[in-house]
Amino acid sequence: MSAVTTTAPSEGRIGLRANARHIGALVRRNALQIKQDPESMFDAVLMPVIFILLFVYVFGGAIAGKGNQEDYVNYVTPGLMAMMGINIAMAVGTGVNDDFKKGVMDRFRTMPIARSSVLLAKIVVEVGRMLIATTILLGMGFLLGMEIKTSLLDLLAAVGLSVVFGASLMWIFILLGLTMKTAQAVQGVAMLVLMPLQFGSSIFAPPTSMPGWLETFTDYNPLSNLADAARNLINGGPVAHSVWMTLAWAAGITLVTAPLAVARFRKKT
Amino acid sequence: MTRSDTNAVEVRGLVKHYGATKALDGVDLDVREGTVLGVLGPNGAGKTTLVRCLSTLIVPDAGTARVAGYDVVRQPRQLRRTIGLTGQYASVDEKLSGWENLYMIGRLLDLSRKDARRRADEMLERFSLTEAAKRPVMTYSGGMRRRLDLAASMIGRPAVLYLDEPTTGLDPRTRNEVWDEVQRMVAEGVTVLLTTQYMEEAERLAHELTVIDRGRVIAGGGVDELKAKVGGRTLRIRPVDPGHLPAMARALDDSGLTGVAGVTVVPDEGLLNVPILSDEQLTAVIGVLAARGFGIAHIDTHLPSLDEVFLAITGEKTSSAESDTIPEEVAA
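If you read the sequences in order, they're chains Y and H.
Take 1 as the starting number for the first sequence in full-length UniProt numbering and just add one per residue.
Take 1 as the starting number for the second sequence in full-length UniProt numbering and just add one per residue.
Calculated from the structure, these hints are not laboratory results.
We put the beta carbon where it would ideally sit given N, CA and C, even for glycine.
Incorrect hints may have been included.
[As the list claims (entries may be wrong)] Now the stretches of chain Y that chain H is said to cover, found in silico as 3 or more residues with beta-carbon under 8 Å: (1) 21 to 34; (2) 106 to 113.
[Claimed, not checked] In silico SDA-like links for lysine to any residue, alpha-carbon gap of 25 Å or less: (3) Y:268 with Y:179; (4) H:22 with H:197; (5) Y:268 with H:256; (6) Y:268 with H:95; (7) Y:66 with Y:210; (8) Y:267 with H:197; (9) Y:102 with Y:123; (10) Y:35 with Y:131; (11) H:95 with Y:183; (12) H:95 with Y:265; (13) Y:181 with H:81; (14) Y:181 with H:89; (15) Y:149 with Y:265.
Whole structure, please, built from the sequences with the hints as guidance.
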C-alpha cells in the first residue's frame, strides 16, 4: 500500500527495541513540553538554591554553633540531595494525574505500544530533572564551602544512589497520581506523608540530638539511610550498611509499587 | 488478512455497566468494510462508551466485538494497529507543535525517523496545516485542532476509524471542513464508525444509521429508510403576502402531489411547512405554487432534529432531557 515500512512484528508483541524507541519518542515529548513551558523547571532549579541557603544560614548556626555554618554545609548538603530527589519524585504524581485529564492519554492507550512506556518515559525525564537539581545543589554547596573529603567517584556514587532511590519513590507517586481524583489531592497526601519522613530523619540534624523514640524512628527511616549513605560517601565514614539499606529499600519499593502502578494504568478508564 | 465476510466491525450483545447505570445494554451492530456507520443518539445514550469499548480503552462486561477481524478483548494489541480514534476532545498534546505531535505518533507506530518526518509533512500538507506546523497546538483554532486530530489518527493508515462526535462544538464552516476531510478518507477506503447528535451530519456522511438510546439500539438501516420513517425534510415557504397562506395550503392539498400531505400553516411566522421526501417533490411543490401565481419571498428546507427523529421512532422525546445524570463519559 505504501513505501512506509513498519518494523514491528504483526502478531502484536512489542519487542525490546521497539519499546526503547517508544520510550524515546515519549521522552522527547516530555522534554519539548518543558521547552514550551520553562516555568515547570522552577522547582528543579530554584528549590536547591533556596533550601540550601535557608538551612545553612537559618538553622546552620543553631545546629552546628554560630560561625560553624561551613561545617554544617558538609552535613546538610548530602541530606538535601536526598530531599531534592523526593520532592521531584512527588511532582511526578501530580504530573501523571494532570496528564490523564487530557485527551492525548486516550490516544497513547489506543496505540500499539506497551502501556508501561508512557510511565517509564515520565521517569526518565524526572531523573533528568533530578540530576539538574542535584548539580545545582552541589554547585551551591561548593560555593558555600562544602568540600569533598573522599573522591569524585564517591561523590558520583552518592548522586547515583539518591537518583536510584528517588526513581523508586516515583512509582509510589505515580500510583497515587493514578488513584486520586485531583492533582491537588495528590500533593496534599504526598506532603502529609513526606513531611514527617523528611524531618524525622538524619537529613537536617543528627538523630543523637533527638529524643529516644524519635531516634529509633529515624533509624528505620529509609531517608536516614539515604542521607547517611550520601553523607559518608562524601565526608568519609562507614557506608556499607546505609548503602545496602538504601538499595534494599529502593528495590523493595519498586518491586511492590511498579507492577501496581502499571496495572492501575492499564485498568484506568 | 483474510476475512470470511465484509464487515469491518461486528458487535454482538455488548454490555457495559457503571454501577447501576447500563451505559451499554446489549448493543448489536455491523459496519460494512469501506462504509460509514452513523451512530445517532442523545447525550448519555452510550455512544462514547461504545467507542471506548471498540478502541480497547475499556473492557466490556459482556458480549463480543470484532474489529478488522480482531477481538477487542482478546487481541487488543493487534487491534490497536488497525484503528484510529478522534474523540470529542482533541487527543493531541497541546504544548507540542502540530509537526511534533505527528512525528511522535509516527515514531510510536514504529516508523523510521525519516519515514516519520515524511509522513508528518505529508499529513500536515493534506490537512492544510503546513503553515501552522511549527506552532504549539494551544494556539490553534477549534477547527485546526480537529483537523490535526484527524491527521494524527491517519498517520498509521488505519483500516477502521472511530469518530466520536467529531464536529461537536465547531462552527458551521469548520464543520463543513471536517466533513470534507472525512469524505476524502472514506473515498480512500477507510471504514468509519461515526457517533453524532446531528441528523444533518449523519445524513451527510453515513451510509447506514443506528439509533441508540439508553444503551440500546432502537432503530437502524439505510439513511433513506430512516428518513422515510421519520418523514424526510420539511420545506419552509414564506410567501410575499402572508394573506395567501391559506390559499397556498389549499392549492397544494388539491394538487394531489404524492407524499405532500400534512401541509401546515404557521401564521405567526408567515410560513408554510411542507413535508417532502425527495428533491422532485420540492420542484413539484414550487411548480404548483408558481403556476398559480403566488409570490414566494423565501424558501428553505429543514432536516428533522434528533428530537423529531426520536419522536417518530419511539413516540417519546429523547431521553437526554430527563436523564442528564447518565454519564456519557464516566469519570474514573
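Straight-line alpha-carbon gap residue 268 of chain Y to residue 95 of chain H, limit 25 Å: Holds - the C-alpha atoms of residue 95 of chain H and residue 268 of chain Y are around 24 Å apart, at most 25 Å.
Holds or violated: are the alpha carbons of residue 181 of chain Y and residue 81 of chain H at most 25 Å from each other? violated (31 Å)
Restraint check for residue 95 of chain H with residue 183 of chain Y, where alpha carbons must lie at most 25 Å apart: Roughly 19 Å between the alpha carbons, so the hint for residue 95 of chain H and residue 183 of chain Y holds.
Has the given pair, residue 181 of chain Y with residue 89 of chain H, been kept, meaning a C-alpha gap of at most 25 Å? holds (19 Å)
Hinted pair residue 102 of chain Y and residue 123 of chain Y, Cα distance within 25 Å: With Cα atoms ~19 Å apart, residue 102 of chain Y and residue 123 of chain Y stay inside 25 Å; holds.
The region 106 to 113 of chain Y covered by chain H? Criterion: 3 or more residues, Cβ-Cβ distance below 8 Å. holds (count 8)
Apply the coverage criterion to the region 21 to 34 of chain Y and chain H: a residue qualifies when its Cβ sits closer than 8 Å to a Cβ of the chain, and three qualifying residues are needed. holds (count 9)
25 Å Cα cutoff - pair residue 267 of chain Y, residue 197 of chain H: violated (29 Å)
Would the hint linking residue 268 of chain Y and residue 256 of chain H be met if the CA-CA limit is 25 Å? violated (61 Å)
Regarding the pair residue 22 of chain H and residue 197 of chain H, is the alpha-carbon distance no greater than 25 Å? holds (20 Å)
Proposed proximity, residue 265 of chain Y with residue 95 of chain H (alpha carbon, max 25 Å): Judged against 25 Å, a Cα distance of about 23 Å means the pair holds.
For residue 268 of chain Y and residue 179 of chain Y, compute the direct alpha-carbon distance and say whether it is at most 25 Å. Measuring from Cα to Cα gives roughly 9 Å; hence the hint holds.
Hint compliance for this structure: hints 5, 8, 13, 15 are broken, all remaining hints hold.
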